[in-house]
Each structure stands twice: as C-alpha cells, then as structure tokens.
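So the chains spell out like this:
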Amino acid sequence: EPEVTQTPSHQVTQMGQEVILRCVPISNHLYFYWYRQILGQKVEFLVSFYNNEISEKSEIFDDQFSVERPDGSNFTLKIRSTKLEDSAMYFCATTWGQNTEAFFGQGTRLTVV
Amino acid sequence: EDQVTQSPEALRLQEGESSSLNCSYTVSGLRGLFWYRQDPGKGPEFLFTLYSAGEEKEKERLKATLTKKESFLHITAPKPEDSATYLCAVVSSSNTGKLIFGQGTTLQVKP
Numbered sequence: 002e003p004e005v006t007q008t009p010s011h012q013v014t015q016m017g018q019e020v021i022l023r024c025v026p027i028s029n030h031l032y033f034y035w036y037r038q039i040l041g042q043k044v045e046f047l048v049s050f051y052n053n054e055i056s057e058k059s060e061i062f063d064d065q066f067s068v069e070r071p072d073g074s075n076f077t078l079k080i081r082s083t084k085l086e087d088s089a090m091y092f093c094a095t096t097w098g099q100n101t102e103a104f105f106g107q108g109t110r111l112t113v114v
Numbered sequence: 406e407d408q409v410t411q412s413p414e415a416l417r418l419q420e421g422e423s424s425s426l427n428c429s430y431t432v433s434g435l436r437g438l439f440w441y442r443q444d445p446g447k448g449p450e451f452l453f454t455l456y457s458a459g460e461e462k463e464k465e466r467l468k469a470t471l472t473k474k475e476s477f478l479h480i481t482a483p484k485p486e487d488s489a490t491y492l493c494a495v496v497s498s499s500n501t502g503k504l505i506f507g508q509g510t511t512l513q514v515k516p
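Note that the protein sequences, when read in sequence, are chains A and B.
Counting in this note's numbering, the final residue of the first sequence is number 114, and the numbers go up one at a time with none missing.
Counting in this note's numbering, the final residue of the second sequence is number 516, and the numbers go up one at a time with none missing.
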C-alpha cells in the first residue's frame, strides 16, 4: 500500500540552528501539506503546496519557514533558525485531489534545546 | 472563522459497550469532513470521508454519519485495539484543501 514517508523520525537541534524535514509523497498525489502538532494540542495547518508553489500558508508559517520540492519527488520543510517553541511533531500529508482524503506520514519529532 | 469542536475530550468504555463521538463544525461551505485515528506518537490514519448531509460510511465496528452541523462516529461493540485518539477535520470552500482539525476524542476501551 502506498504511503507517505518522512525522515528523520526524530531530530534534536540547538536553538538558532537550521533544520530540514523531508517527505516522500505518494507518487500520483498532486497536493502536499505540512502540519504540526505540539504535544497535547490539536493538529495545525502550516502550508499547502501545489504545482510547485505555495497555495496557502498559515500565520505560523512566517519567514523562518520555507518549503520546496527540489527533485520532483522529495518535499521538504526548512526552518531557518529554530526556536524553543518550534518543538513539535511535524507531519507531511498528501492528496491526489483538493478535497480528497489526505494521507499522513508518521511524523518527525523536532526537539529544540 | 472555520471551527471544529469534538466531544467528549476523553471516553472510557468497557469492551463491547457501544458509544458515539461527536464532531460539530462551523465552516463557510463544507467541501468534506474527514475522520482519522491517531495512535500515540504516530501520524493520523485515514478512516472516512463524508461530503454531504445524510451520508453514512461504515468500516468494521465504526460508522460515520453527517448532518449539516455535525458528524458522529459510532463505535459498536468496541475492542481494546480500538483505543486511540479519533480526530475530525473539515475542508471548507474558503481555502485550498487544508484540513481544520478538532482537538480529538481519546478513547480507551478496557477488556
């Protein structure tokens, strides 16, 4: 069964460092998303990406964040200068249509110390 | 503002004791309502999609229903392996397919 793959599963980084979270979407999916979930809180939308550009971003997704699809297969989320409050689970999700079911990866647990 | 509220926050059932989880939503034009299951430390796992009021979907012990203001996830004769957090999310017409999640209902089924 096709699945969304995320790496790494866990990353610990020092405050102020850059991190890149990686996702391999399901092959025939066209819409890509990043969500985050702070421990004990609800899943929050960060950004949507379609046709090689951002289609929507939330207030959380400020200038410290960026996304790209560097090689047509991977989908990455970069945080330029991490803060303590960036500690969370980050989930990649993909869909084949705009209103169809999203399939989520297993997440990257980011810990900023 | 689009909003999703789930109740109860937590639910404890004995094995075999049926119950329902509620998801109330306020959106500017519903494009779809989705139910997910989330195990601790894992990503949400897709269960159902509902698109219009009156629609119902079933899978094993789970049944999802939809009205114009809320959705229910009915769990019939649950087993301990049904223990998880159940998430409800909507896609509205005012955005680009993003999911707006409720806070979830954490279900514990005791043998």
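These aren't lab readings, by the way, just hints derived from the structure by calculation.
Mixed in with the good hints, there may be bad ones.
To be verified - EDC-like, lysine to aspartate or glutamate: derived pairs with alpha carbons at most 16 angstroms apart:
1. A/Lys43 <-> B/Glu450
2. B/Lys447 <-> A/Asp64
3. A/Lys43 <-> B/Glu414
4. B/Lys473 <-> B/Asp487
5. A/Lys43 <-> B/Asp407
6. A/Lys79 <-> A/Asp64
So, going through the hints one by one against the coordinates:
For the proposed pair A/Lys43 and B/Glu450, the alpha carbon gap of about 15 angstroms is at most 16 angstroms, so the pair holds. Proposed proximity of B/Lys447 and A/Asp64 is contradicted: the alpha carbons are some 28 angstroms apart, above 16 angstroms. For the hint linking A/Lys43 to B/Glu414, the alpha-carbon distance of about 12 angstroms falls within 16 angstroms, and the restraint holds. Between B/Lys473 and B/Asp487, the direct Cα distance comes to roughly 27 angstroms. Violation of the 16 angstroms bound is thereby established for this hinted pair.
Restraint check for A/Lys43 and B/Asp407: the C-alpha separation of about 15 angstroms stays at or below 16 angstroms, so the hint holds. Annotation: proposed proximity of A/Lys79 to A/Asp64 holds, straight-line Cα distance about 10 angstroms (limit 16 angstroms).
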